[in-house]
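**Q** Chains as they are written, first to last, in this note's numbering: chain A, 1 to 418; chain D, 419 to 863.
It should be emphasised that the hints constitute simulated quantities derived from the structure, not laboratory data.
Partial chain D-side listing against chain A, Cβ under 8 Å, derived:
(1) TYR446
(2) PRO452
(3) LYS510
Glycine is no exception: its CB is placed at the ideal position from the N, C-alpha and C atoms.
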Amino acid sequence: MADLSVNVAGISAPNPFWLASGPLTNTAYQVMKAFDEGWGGAVWKTVGEPVINVSSRLASIDYGNRRMMGLNNVELISDRPIEDNLREIAEVKRRFPEHAVVVSLMLPSIPEMWKDMMHRVEDTGADGVELNFGCPHGMNERGMGSVIGQVPEYTEQITAYAKADSRLPVIVKLTPNVTDIRNPGRAAVQGGADALSLINTINSVMGVDLDTWLPRPQIDGRGSHGGYCGPAVKPIGLYMVSALANDRKVKVPLVGIGGIESWQDAVEYLLLGAQAVQVCTAAMHYGFRIIRSMTEGLNDYLNAKGVARVEDIVGRSANKVGDWNDLRLSYSYKVVAKIHEDKCIGCNLCYVACDDGGHQCIDKGPEMKSPVVREEDCVGCNLCALVCPVPGCIEMQEHDLGIVETWRQRQDRLTSLS
Amino acid sequence: MIPTHLGFEEVMAPMSWQEARDEALRCYYCYDAPCMSHCPTGINVPEFIRHIAEGHLQGAARVIFDDNILGSTCARICPTEVLCEGACVRTKDSRAVSIGRLQRVATDYAMNQGFPVLPAKSVKVHANVGIVGSGPAALAAAAELRRYGCEVMIYEAREQAGGLDTYGIVEFREPLAVSQWEVQQVQALGVQFHYGINVGRDVSWEEVKSRHDVLIIAVGLGPVPALGIPGEELRGVYNALELIALTKMGDYEAIDLGSRVVVIGAGNTAVDAATCAKRLGATEVTILYRRGEEAMPAYAYEYEFAKHEGVNYKWWTVVTAILGDNRVKGVHCKQSALAPSDVPGRSLRHQPLVIKENSDFEMPCDSVIIATGQSRFSSPWLALGIQQENHVPTVNPLTFETSVSRVYAIGDCLAPQEATVVSAVQQGKQAAQDIVKRYAKEGNV
Ligand SMILES: Cc1cc2nc3c(=O)[nH]c(=O)nc-3n(C[C@H](O)[C@H](O)[C@H](O)COP(=O)(O)OP(=O)(O)OC[C@H]3O[C@@H](n4cnc5c(N)ncnc54)[C@H](O)[C@@H]3O)c2cc1C
Ligand SMILES: Cc1cc2nc3c(=O)[nH]c(=O)nc-3n(C[C@H](O)[C@H](O)[C@H](O)COP(=O)(O)O)c2cc1C
Ligand code: SF4
Ligand code: SF4
Ligand code: SF4
Chain A
1 MADLSVNVAG ISAPNPFWLA SGPLTNTAYQ VMKAFDEGWG GAVWKTVGEP VINVSSRLAS
61 IDYGNRRMMG LNNVELISDR PIEDNLREIA EVKRRFPEHA VVVSLMLPSI PEMWKDMMHR
121 VEDTGADGVE LNFGCPHGMN ERGMGSVIGQ VPEYTEQITA YAKADSRLPV IVKLTPNVTD
181 IRNPGRAAVQ GGADALSLIN TINSVMGVDL DTWLPRPQID GRGSHGGYCG PAVKPIGLYM
241 VSALANDRKV KVPLVGIGGI ESWQDAVEYL LLGAQAVQVC TAAMHYGFRI IRSMTEGLND
301 YLNAKGVARV EDIVGRSANK VGDWNDLRLS YSYKVVAKIH EDKCIGCNLC YVACDDGGHQ
361 CIDKGPEMKS PVVREEDCVG CNLCALVCPV PGCIEMQEHD LGIVETWRQR QDRLTSLS
Chain D
419 MIPTHLGFEE VMAPMSWQEA RDEALRCYYC YDAPCMSHCP TGINVPEFIR HIAEGHLQGA
479 ARVIFDDNIL GSTCARICPT EVLCEGACVR TKDSRAVSIG RLQRVATDYA MNQGFPVLPA
539 KSVKVHANVG IVGSGPAALA AAAELRRYGC EVMIYEAREQ AGGLDTYGIV EFREPLAVSQ
599 WEVQQVQALG VQFHYGINVG RDVSWEEVKS RHDVLIIAVG LGPVPALGIP GEELRGVYNA
659 LELIALTKMG DYEAIDLGSR VVVIGAGNTA VDAATCAKRL GATEVTILYR RGEEAMPAYA
719 YEYEFAKHEG VNYKWWTVVT AILGDNRVKG VHCKQSALAP SDVPGRSLRH QPLVIKENSD
779 FEMPCDSVII ATGQSRFSSP WLALGIQQEN HVPTVNPLTF ETSVSRVYAI GDCLAPQEAT
839 VVSAVQQGKQ AAQDIVKRYA KEGNV
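With the rest of the complex left out, here is chain A:
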């Protein structure tokens, strides 16, 4: 058995899979059920002054046979009284002392309110708080949520309010609705954040009903922009986590969120620098039970890799993601497509993709067993291999052309010549 336990800025949990703040973590009933199923932690549905919601609140995108490839919502924070939430949090913590219970908070920018709330959370025995600076709808129009997350000064300030009079670990949850995630990340650290979690949902308009011409979801004939999440957003979350993992000014632990629904997704986040991950949409889609394949899969993966503890893989790929300027240029290194004729089933998707969307370097003909790549013209863009439906049929073969030169090195070389 690999050791799956984690400790994120002092918040420990039996495994790195936590439920993200959302509809799944609204009540003690849900969180306790989730812990029984095997989740390592939960971030309570954001607590604040109770709100009034709208109906409906969710819409989703299907892709092919895949339901809910992307989900969007116009839900607000918890609509339950603060007292009820805090009482249930205390109860959960009492019953599950080993599990991570984090309380998500959203409050107006008033230091006293923060001070008071931090004390009340401490009294519940919760392991930490997460500041919701990300909600992109509804709350931002009231001066909270992503309005804070989008302005580094506010982020720093409010983080400081939360930290001012409390020893509880503070995780700042960032909004992806910014041009450079490093700015709010650094600001939160500046304000005293013990960890960062990301991403919250992305601003989106989910769709329009073709029959009624109304936006989706529609609330009595109108819609609004809402937060996008689910499998579709994983690449964005991965990028943002890697950007912060590689930022020298951000030296706090990271928690990865966005589009995680399998152990593989989680491993990617871990490799790019997250110490734990949070899941929302996938558990909303399939229920808490998905945790079983996630933990088992992660355990078997670590065993197969000969890694004893999950924390040993954290960040192992992060430094492989960097500036384009540091990539080897194509006259120095390239890949060339090679079609394995024995595996080819003859769909010609590689041919048409290369001809229309690539570099016109695949030939086909009636006398040929499979399409053939003209090596000298192939730029190694990968398109053919990406469209080929047969695993392993198109191999991208590496051609190391001896010299090692990146754009940065080339610029340096040319400057030194002149």
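With chain A fixed as given, assemble chain D with the ligands onto it according to the hints.
**A** Same frame as chain A, but now just chain D with the ligands:
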């Protein structure tokens, strides 16, 4: 998928919308797709399947009917395993996309919601074309010619158009209503139909030819030939095509098969007749074939279907007489075998046979269905002086023009053994295109 019930309703259940979408999403949307080049009519299969995947059934139907006006029939009776589906790339990594059944989803939609508007043809030509016969070959030629603006007149000997689609394909594989609907669509394109005119008998071939700029002969094949054995006149002897036609027209009272039925022949028609007999209440149906299983002309899936429906097969059996006084009581048979020396180059099906000595036996039965193929017409070719060989007119293989200028011959009347609706349709289109090309070129635009 093999059906388990016996009735005259279609054996192949339609796909539900969910099934259709799942199946459509299995299609890779190949480029230069092999399924397409293996459809004799060249239906743009990936295109129509993509329409289905996108939920646009009208578009799917348009793609199908644009290339194959008998798309509804073909969706039901094409031997897809050896045509489009046999070539599908997914046979190599999974299983073929169910192209035929998807084609049916789209064409059924059109049957319920209305025939799609087909893309307009780029040129309009004026030619007056007469067509003899109204089977698939004729209908395809007529539709294509109308879409280019030609005047088209069809002469049909029977009361309804559609040829074997209407009279010869068993109801549980293609309901009569499907064939009738397709005929209506061709009619809606402006083709004139004249029923009950048997050309050669009611009006001369010369006369019909002289009425039109161009004549297309699409008469199909003739009746099932007599076996030339004693007892063929007895009550209880049917020829397969007549029997099927009676069931298609709902004329069940005219049929009295009894409970034990013998079918002579082992091709597609024999399978149809045998499974039809089962539905008509026969309890014991036996197909007798003078050769072995390997030489049987029916497709493998037809053989499976027949066996699944409880039809028995008896190989190497030659019927030498039908027994009975007034009504059939049984058949007298001998056993056959391949002749000791085979003829090089001939298929198993065409190798000479010998009758085994002292192999006589009798099989009691209540009726006999003869399904030994159709005879060929010779009168049209003789009447018009068309070059022919063994009653098969010689045609240009690309245009289907006969040796007589502006006289074309298409469909089963040309066919060797394995004739299909889909190839009849393609021949109709090719002849029509040649006519269009000729009249467009002659400035008759
Ligand atoms: C029992 C059976 C089962 C079959 N099953 C299949 C199948 O599953 N799949 C498949 O693809 N194909 C099948 N076929 C073959 C298919 O039906 C034929 O290939 C197709 O119908 C040929 O079309 P056609 O237009 O050439 O001829 P036909 O359909 O035979 O039409 C000829 C028409 O010409 C008319 N006619 C003939 N002489 C004259 C005249 N002198 N004057 C006026 N009209 C005349 C006839 O009345 C008839 O309507 C089957 C055939 C049979 C017999
Ligand atoms: C219906 C819904 C409600 C949410 N509510 C909250 C919330 O109250 N507080 C919060 O920080 N994030 C909230 N989120 C965002 C999630 O916690 C998470 O950041 C986001 O969904 C991305 O993860 P995923 O792709 O696994 O869903 C909500 C998401 C959804 C779908
Ligand atoms: S995409 Fe793959 S399977 Fe299809 S033709 Fe190209 S190499 Fe062959
Ligand atoms: S017409 Fe027949 S052969 Fe052609 S695609 Fe349709 S089912 Fe296949
Ligand atoms: S060959 Fe098969 S997968 Fe490819 S387009 Fe045709 S039906 Fe689709």
